[in-house]
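Protein chains in written order, with my numbering: chain A, 1 to 543; chain B, 1001 to 1075.
None of these hints come from the bench; they were simulated from the model. There's no promise every hint is true.
Short derived list, chain B residues pointing at chain A, Cβ under 7 Å [claimed, not checked]:
#  : residue
1  : F1028
2  : F1029
3  : F1030
4  : D1031
5  : G1034
6  : K1035
7  : L1037
8  : Y1038
9  : L1045
10 : Y1049
11 : R1054
12 : K1055
13 : V1057
Built from N, CA and C at the ideal position, the CB exists for glycine as well.
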Amino acid sequence: MAKKFDIKALKKTDWKKVAKDFWYGKPHGERRIGDLYIEKTGLYKHREWRGVKDTMYYFYAVWLYNYAMMVADIMKFGGIVPFAKGVWRYRWVGQTYLPVIHWYDRGLQGLRGEALRASPWHYRGMTSTTIKQFMRFFTSDTRLNGGKQNEHYKTNIAHKETVWGGIFYPWAGELTNLPLEMIPYFVTCHVNSHTVQNYIDAVQSIGLPGDPCPMCQAEAGLFVLDDVPDYAPAFITCNEACDASVASTVLQDWLFDKPLYALPMPMQFDDPLVHKHVMKEIEGAWKFIEEQYGIPFSYEKLVEKLKKQNELMEFEWEKWEVAAKTSYYPINGVAQALYRIYYSQYGDWEVWHECDAKVRKVLEKCVSKKINTFPNTRHRVIAWSCAPLYFSDWPTWAYNCWGLNVVINMDSLMFDMKIRTDSYENTLADMATYHMWAPMRRMAVGGMQHIFELWEYMEKFNCDMVAMYDQLQCKGMQGVHGLFEDEFRKRNVNAFWMPHALPDSRTVTRAELRRMINDYMTTVMHEEPLDPSLLDFDDSMIW
Amino acid sequence: MKKCKCGKILGKLLGITLLANVVLFIVFFFDLDGKLLYYVVEPFLKKHYDNMERKDVLKESGYDVFKYEKAPYDM
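Extracted from the complex, chain A is given alone in its bound form (with noise of 0.2 Å):
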């Protein structure tokens, strides 16, 4: 039955208030987000009112901006004819990619100002960087390419996604190094956390048991699924994180069948003997790249793409200065974290400077103007551990529905470090701790002691409250659940723990972790939500 117009309600209504509503956006305990949602998609019946001026912000500098230089970067990398067959071919592209302006919004939600000025920044960072590796995936496919090994075939270098892409440096300009599993596997569950299950099934459907590490799993899938381009003539492995990313690597050899070294990171930390050991490796990479390509190796390259590589993270420890001293930081928890683990992980990269060059804009205004830029901050928190792939923005809901303010991740700080350019040996070894620093390494199967920085770097970025991650398929976190548990009632820290199962969100749902953190926050700290209507809401189909 049609509504009735009701005239009294009308007469009721304080147009002022409509009116500053509509020009300055509602105050964030009014704004009912979870309201716009069509229910299980995720969809909006509309997308969010953010007041005049950051609605045309997000309309014309983020939705608008972005669209447009995806159709550019697809131009640059290539053209519309690669691209389209390379949809046509791999469904990791085409179901995962096409939607990305909706992982903008999700994990730009609800903000407001100078975060909405530097945090989609990040995002752009990572969707040109991402659209450069598809597109010479496809530029070099031979399975695109009438079988041919064309001349981008016969320049890369195939590696697995946890082998740093500075191993690569000293052929920068002359080899491309394209990571096997980042695109086809890693950001496709940041975007659709659909894609990842069928490269999951795929392998179990041949026979492995569900419970080893469903990022290994996926993995392998993509070879069962025969969803893996061919793109290059070598191919450099390593058994990160564990030992069911060896058995990947196995499957991976067998399918791939190219001439390969394994560049593996060691399951002992600090000591001495192993670094060194591990600096011979990284030798025998090199000495591997020289055989197969004829290509010397330049230590003036590496050294040029190091100082380049260093100025990224001379940023970042003064993002992380403001972010640790002051409430002017103006990046999300989930920009922060994506765009941070995405940077270092792959590399040097020219869009990384540009988008650091517009977001330090934005950040001196902040710090110069002393503007408070998550001003319902109830909360700090450090996230710890690996993170939820499938729900890698649930600080955006955190912040909306609870001031829940995520200002730094245990993945942002793994590569903690400079590496020096100084002498032959001093770049090696450094190179050989940022290697073996990787992720799901360091701090999290690298010892209690790197384990345990949690506690340090709770008090440099004044934090009081922790969100602890609890990889369910990760044998080596599940061993040290106990151990946190006793630390955080010794510390009297406050904590709550999000089990998750990495990239599969049938596991744990969203909802359900939605839950664990509303029962936290409501039955342990006694608090209210800002925005109720996001409490709980039906989006199990969502991207």
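We have chain A already, so just place chain B on it with the hints.
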């Protein structure tokens, strides 16, 4: 006369730009891009991917897992 013609062209351009902005804003605000991708493009592509003929990699990988006659741990 010339001025008048230029004015008309400018007016038309302005009109088209304005109209394009209004249309794009409607697409943006009502999430029509998301709805198109969710309800039309993705199901179509998924159907295509689900029905694609794929190599049975276990049978046709070309890699002989038994190419080493005797593994070192084989007693």
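Verification of the supplied hints:
1. F1028: This hint holds: B:F1028 lies near chain A, its Cβ roughly 5 Å from the closest one there, short of 7 Å.
2. F1029: holds (5 Å)
3. F1030: Nearest chain A Cβ about 5 Å off; hint holds.
4. D1031: Because about 4 Å separates B:D1031 from the closest Cβ in chain A, which is inside the 7 Å limit, the hint holds.
5. G1034: holds (5 Å)
6. K1035: Given a least distance of 6 Å, the restraint on B:K1035 holds.
7. L1037: Holds: closest Cβ of chain A sits about 5 Å from B:L1037, inside 7 Å.
8. Y1038: holds (6 Å)
9. L1045: The hint holds - B:L1045 has a Cβ within 7 Å of chain A, the shortest such distance being about 5 Å.
10. Y1049: This interface hint holds because 4 Å falls under the 7 Å limit.
11. R1054: holds (5 Å)
12. K1055: Because about 5 Å separates B:K1055 from the closest Cβ in chain A, which is inside the 7 Å limit, the hint holds.
13. V1057: Holds, about 5 Å.
Hint violations for this structure: none, all hints satisfied.
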